[in-house]
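Residue numbers (my numbering), protein chains in the order written: chain V, 7 to 780; chain G, 39 to 316.
Source of the hints: derived by calculation from the structure; they are not laboratory data. Hints may be right or wrong, so weigh each one.
What the hints assert, rightly or not - No more than 30 Å apart at the CA atoms, straight line, and that leaves these computed lysine-lysine pairs for DSS-like: (1) G:Lys203 - G:Lys288; (2) V:Lys497 - G:Lys164; (3) G:Lys158 - V:Lys771; (4) V:Lys497 - G:Lys158; (5) G:Lys260 - G:Lys180; (6) G:Lys203 - V:Lys771; (7) V:Lys568 - V:Lys497; (8) G:Lys180 - G:Lys158; (9) G:Lys164 - V:Lys771; (10) G:Lys164 - G:Lys250.
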Amino acid sequence: MSHTSPEKNEAKPLPSRFQVGKSTLYFDNFMNYAIKIGGIGVIAAICGIFIFLTYQIMPLFRGATVEFEQSLDLGDLKISAMGIDPWSQLPLFVSPDGTLNFYDIVDRDKDYNRGLFQMDPGLPEGMEYPFTRYSNHEDSAIFGTADGRFAVVQVEFESTHPDYRGREVIPKITTTPLFRIGLENGEFEEIDYVDAGRSKLAVAIQRDEEGQRRIFAVTFSQNQPLIGDPVTVRDREFELSDLFEGEAQFLRLTGDSDFVIVGTDIGELHLLARERGGFTNRQTIQPFAGRESDTIRSMNFLSGRLSLILTNEAGEMMMYSIFHSEEDDHRILGRTKEFQPALPTGQGAAYFSHTPRNKAFLVGGPNYAQIRYATTEAIRWDGDLNFTVEHALLGRRYDRLLFVDTENHLQIFTVTDPHPETGWKAYFGKIHYEGRTEPEFMWQSDGDDDFEPKLSMVPLIWGTLKGTVFAMLIAVPIALLAAFYTSQFLKPEIRRLIKPVMEIMESVPTVVLGFLAALWLAPLISARIPSVFLIILSLPMAVIAFGAILANLPIQFRKFIKPGYEFLYFAPFMMLTAYFAWQMGPLFEALFFRVENPETGEVVGSFAVWWTETTDYPVRLRNAFVVGIFMGFAIIPTIFTIAEDSMTNVPQSFRSGALALGASRWQTAISVILPTAAAGIFSAIMIGFGRAVGETMILLMATGNTPIMTANPFDGMRTLAANIAVELPEAAQGGTLYRSLFLGALLLFAFTFFINTVAEVMRQKLRDRYKAVE
Amino acid sequence: MNDSTETLQQTPEITRKEMDNPDKTDFRQDYISFRNYNFYYGATQVLFEVNLDIPERQVTALIGPSGCGKSTLLRNINRMNDLVDGIRHEGELLIDGTSAYDPTVEVISLRKRIGMVFQKSNPFAKSIYENVVYGLRVAGRKKKSTLDEAVETSLRRAALWDEVKDRLGESAFGLSGGQMQRLCIARAIANNPEIILMDEPCSALDPVATGKIEDLIHDLKKEYTIVIVTHNMQQAARVSDRTAFFYLGKLIEYDETEKMFMNPAQKQTEDYVRGRFG
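Next comes chain G alone, as it looks inside the complex (with noise of 0.2 Å):
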């Protein structure tokens, strides 16, 4: 895996921290920050106040009831909430320092850093291996043997590589509903970004498919951080290092995953994860 990555450093905005300090272990605690972060769609407030500190290279899940706010503030991080009509936020978001609504950012360089994996698997209507390379080419590469590279790297990380090696070329709707979430993931890390999004990635798959996801995290975590949105508790309990509860978008509880799943601070977020309600 690691001489394949080599390969990608020769890019510089995609170089890795890893790479450049491979020792580092004092990661950021407050790698995604949120400060006093109000949203509204319209006139309906979506977050309120919320103070949410994501740490580098952790799994950190949200979880709430339906309509908490969660997959708003994941789709807050990459800026995918511009397009829909009548957003307006207050408050603060700092990815690594830098405030990601910042009027000199270029919202598509931001989604560069930033990979997401979406609830429904979104292949789009090409060859596995054009799905893969699909960020590597808007960014305007071109070489063949780079973009080869990455298709390999990215299908073995997502653990697609074996089952799809030999159809490359075939279309993507051709797989299996596992198979197209992973291809969605490999297609996340084809663009190396730094931070990786999924909003509840697994809800549409089977135990099986949703084991191998599971298993998939824990390996990417050591190289990105991941934020992901579940509803399903034992997911949190399993994949995430820190978990965040949301209630009718207030950001309830933040802590451990341990901790919150065994000694919860907060009423509701016991009443939340013993499955009282939600």
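In isolation and in its complexed conformation, chain V is listed as follows (with noise of 0.2 Å):
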């Protein structure tokens, strides 16, 4: 039979006792199908997560477009200078014959177009206004006479929404007379002012007789009459050239008009502050020193006129700004940027304009621009222009840049970029942000016009990670400790016992735990922090000194604590321990942390006033420290339950070969149980770190949500996670906040795709390298 041929063999139909019913293998199959498809949807769930959450994150890596929209002709319109609304559709130019010309640049529809259309601010007729200016960020235009006066028009722009044709701006001006200031027949060569409420200030720059710069201040005050409109009155004069040398160039006031900066032909820049009724020279700054050039080129505020744009005549860009210096109280003027590259050209600026929306501005030269963004120094836009600039305009939203060309053409451009603030720096370097005295990691999210959005990751992940080290620093020596004892030396049917209570402790909700940390052991431990340090020493010392005691007893009187029950005598010991060290903790407090008050002289014993004096960081009521003890009382049951398996999950047989070669049960955990167990404790460390790291309800109550970067541990932090819960609601969808939110979330999901890849792979390595025989 054996030697039939294979064709005969196959057409054999296979008797019906060997066949594989037909439901068995339907559900074979299925079953295989379904298992595969789980499988494979959970790891397109987690790529899934990860492709989403960097979609989400990649608008904010990259630049700003710009495309061309229209190009206006402006006919004979003679210009000296532009601005605009505040919603970037209703250009202005200031002529020199002391109109204001509007040019509204929306079409609406066929029927209505205002198209350019011009105001009269009221000025004295038939008079030339050799000297012009616009400040877009207060609406108002200043016109110099040649005789040496001004008058400020200020702008009002309202916006309305007739027969549902879209938003249609209205513009309201007022004038001031014009005020005298400086030489009779001076020419003008700048002229700022500032309103400051009740305090006013002019400061003009003129060119006398014999072609010299003289610069002249002017302070206003403003009367209430008994009706009608409060009304400026011109208070004092006084001349500044004498306060700095060279000639005055360049010349800004600051917003509260407590500062005169004037840059110089000679490259200086001086600060001169108005105090006790005159100006005194604060500060004198070679900005250029030792650079390509130092000439000045050009000096322009951002908006909130605090910080200055300045570039040199090789094209080198800095930013100043006005900050508290740390040494006296004062505020000074530093360096706080550098704009690399410098402009492509080797020349300074030949225009330049920002907006009040952010801290981008518009710098360049006649046939090129560039959109560059103070607070990350980054270039978020950079071109070419295929005309020659006359005057240029970054549009009030930062939606446009407007130029006239000398054409006198209006060429518009549209600006897409909704994400200015951000990029690499911006996330992860340090920055020196407006207002503050050196660069930092700074979170501070609720930016405004004039407060720019502060949103480095450092400080979080700094706090994610401090709170990490601190659970862990509870954690790991409590949870370890325990698993080794509950596994090797505690009687098995008390081990029944305590494993199901660790794994209910797992499952507390941590906004429990948050609770209890924030409102209940916070002021706690706060008032009594060296008891608790007294707690942390004293313990592990009494129970060594116990066991000591113990193990060099006779074994007559050791005999009557079995193997397995030592608890019974430890526990109560502990506890008596701890109930000691807790009521110590004052007298220990009043021993050893000593501060004098230095007002009456007395002593008292402090902790919080001598941790301050010490290392001179605060002690918090909220703070690392509670939240480590809490955070470990989360991840306890976890590193506890992995570790305790893989310690009992050892072959007995090791266990029985140790003892049975005379090993104590000591010297056998140590020397047999725990390398074998290393690869399981190692991943319960790694699991219970992951675990930390992403814990967020403990964190959010119990850390006061600062985030800060130090140190101490008593002083609070803020972590990804905690940030994440507390700014979402703050977050508009697809704002620059709702996607740095995601890029937290990303680092916290990346942190943890690593840390437990890690574990996985020193788990398999240790594994194979203790690997039991089987």
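Starting from two chains that each stand alone, build the complex the way the hints lay out.
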């Protein structure tokens, strides 16, 4: 039979008793696919999360896009300065004849188009205004006459929505009288005017007959007549030319009218402070000292009138800001940024325009333009222009670029840049923020017009690591020792009781722990920090001492303590020790943390004061120490359970082998169990670590959520996870904050992914090394 | 072999009787002695009124069908059952005249006197060298020369030296099954015990490895009291001087091996050794 040909074999039907049931096959097939789909689905879900997060944060690392919108002919309109309304749709042109001209660039429909129209601010007619200036931030134009007078024209824009044709902007104008400043026949080179409520200041640079530049300041006060509007009255005049060397070339006033910043023709910058009814030269700086060119070519404020953007003849660009100096309490001017690379033509900026919306500014030369962002020092956009620029303007909403070229055409471009303040440097670099004394990592997302958002991820990463480290410091020793004791020394019947209890502990909602930490433990501990220290110190010492006494007891006495039941003697002893340590805390504090009250000379024991005096760090109610304890409680069960399993799962034969050779339980545990269970213990720690990194509620409730970067254990912090929870309600969908939170989420995801991968790889390696003989 | 044991002689607690009095021939007949011994796992009684005297420097085999209590009895000798939940015993177990369960007896020193080889070889996840010296290390011996000597002596006695002398630093897991079991014997010998307990030492080994272990047992009985649990009747017949037959926790018969196999007094014994049940 066995010699039959193969063909015959195939033809022979299989007896039904050997056939597999159809339903068995179907079910087997179905389950095969179901399991495959499940497995692939999990992997796809992980990839999906990763892709989604990446997709959400991609726009944060893109530059701006600029597209040509339209070109409008301005005819023979004479233009000496340019501005725009807050909605970027009604550019205005200042003419030297004393008029303001508006161009409605939104083409609503055929029947309604205002096009170019003129408004007369009501300045004396028939006069020429050789000096004009328009401040886009304050919506005001300054007109300077040839005979040493000037007027400020305030424009107010009103937005209306007539007949559902979209927004229509109506300008309204108020004009001051002509005020005298400086020389009667001096030619104005620059005038700046600040209205800081009651205090108003105008400063002007004029050329006298000999061609010398001189600088004058006039203060104004506001008189309130019985009836009618307040009247601005010219107060006093000062000449500031002698306060510094060289001739004033550039001039800007700070928004509070406290400072006059003057740039001179010899490349110096002077901070003139207005104090005691006069002016003093507070500070002299050479901004481009030692550079390719030390001559200042342009000097302009960013919005907020706190930060100056300076360029020199070589096109190098810097930012100087006013901030409080650390040494004395004065405000000083200091370099906060340097923009790299320099302007491409190797010349200073021919024009400059900023937007009040953020810290972006438009800068460039006749045939090119750049949008840069001051906070991050980044170039958002960079382009060549096919016309020659005469005037340039960055739209108020950071949505348009407007240029007037030499042909008197208005060239309009749209800017698309939803996240100008972001980028690698914004998230991970040290940045000198406006008003701060030094470059820092800061997170403070709620920026507005005058206040730049600070988006550094570094304090959050720091906070995450700090919280995790403190939690691990508490959790790892306790959890591992507990697992060690439970698996190796405790009677099995008690072990069977402890494991489920620990697992229940693991399922306690962390919000409960966070609540306890914030409201119960934080006040308790911050009042008794020395007690806690004493407990941490005394418990292990007491246990070791107790163990030593026990080990040296003659066997006649020791025989009463059954192996596996030692805890019955240890536990009360440890509780007593902890109680005494807690009670001894205040005494300990009074003895070792003595500080003298400098006013009364009284010596008191106070840890908080002592700590602050010794380390210069504060002791706060909600701090990393408290968080560490409660986070510890949250992750102890995780570490304990996995570590205990891995130790219990060491083959019994290893233990028997060691014990039979006369090893004590301790020797067995240390020399045989521990190395064999190392892989499991390691992954227990790593999983605990991963859990601590992602833990949110406890940190949210008990850290105070202050995104500061100190290692001080008695200070708060903010973690990536808590940050997402805190700021999510504030984040508009698709906004910078929204995407920044996604960046935080991606970091968190990458971090835990990395840790878990490392843990798994290490575990596999260790497992191979200590593989038990099967 | 003798010159290497001399170095171990210097440490008093492991001094061997034989060395004190090499001509001694009157070995104790009740070296390990169970008197009216009952043993319980919780409510289950495993051993019933066992009375058994195991002689010094002989091989005693414990045979019987599975679950008859022979392994339990063996594990009572070095108190390996201590860690099991709910155990209880009645009666007396004397080792060289002292009660093994006396509260003043340190279980650790008891186990140092009694080596044990398990059914499944269980080397530690350490090198061959470290496996052999483990017992000495936990006993606090650190001197390199002492340890080196012990390794060579023990491995030679366990007939493993020539096979592993060039790779003492390698993991014990690289050895074959039979080598591992001999390593476990070497590990037990390194402690220089008085008694060696063997719990089915060859059940996981092939006939060649088994043969080597049996030869080894023959050699070892000159110096050690050996108690071996085995399921293999031929093995019991080959290696042991005396044989005890257990059935359902009771000691049915205990006599010279030859007599047990040739002419057992009890019917149950005869049935078992003839292979009629078990």
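Hint-by-hint comparison with the structure:
no. : hint                : in the structure
1   : G:Lys203 - G:Lys288 : 45 Å, violated
2   : V:Lys497 - G:Lys164 : 28 Å, holds
3   : G:Lys158 - V:Lys771 : 25 Å, holds
4   : V:Lys497 - G:Lys158 : 25 Å, holds
5   : G:Lys260 - G:Lys180 : 29 Å, holds
6   : G:Lys203 - V:Lys771 : 28 Å, holds
7   : V:Lys568 - V:Lys497 : 10 Å, holds
8   : G:Lys180 - G:Lys158 : 29 Å, holds
9   : G:Lys164 - V:Lys771 : 16 Å, holds
10  : G:Lys164 - G:Lys250 : 24 Å, holds
Hint 1 alone, counting from the list given before, is not met by this structure.
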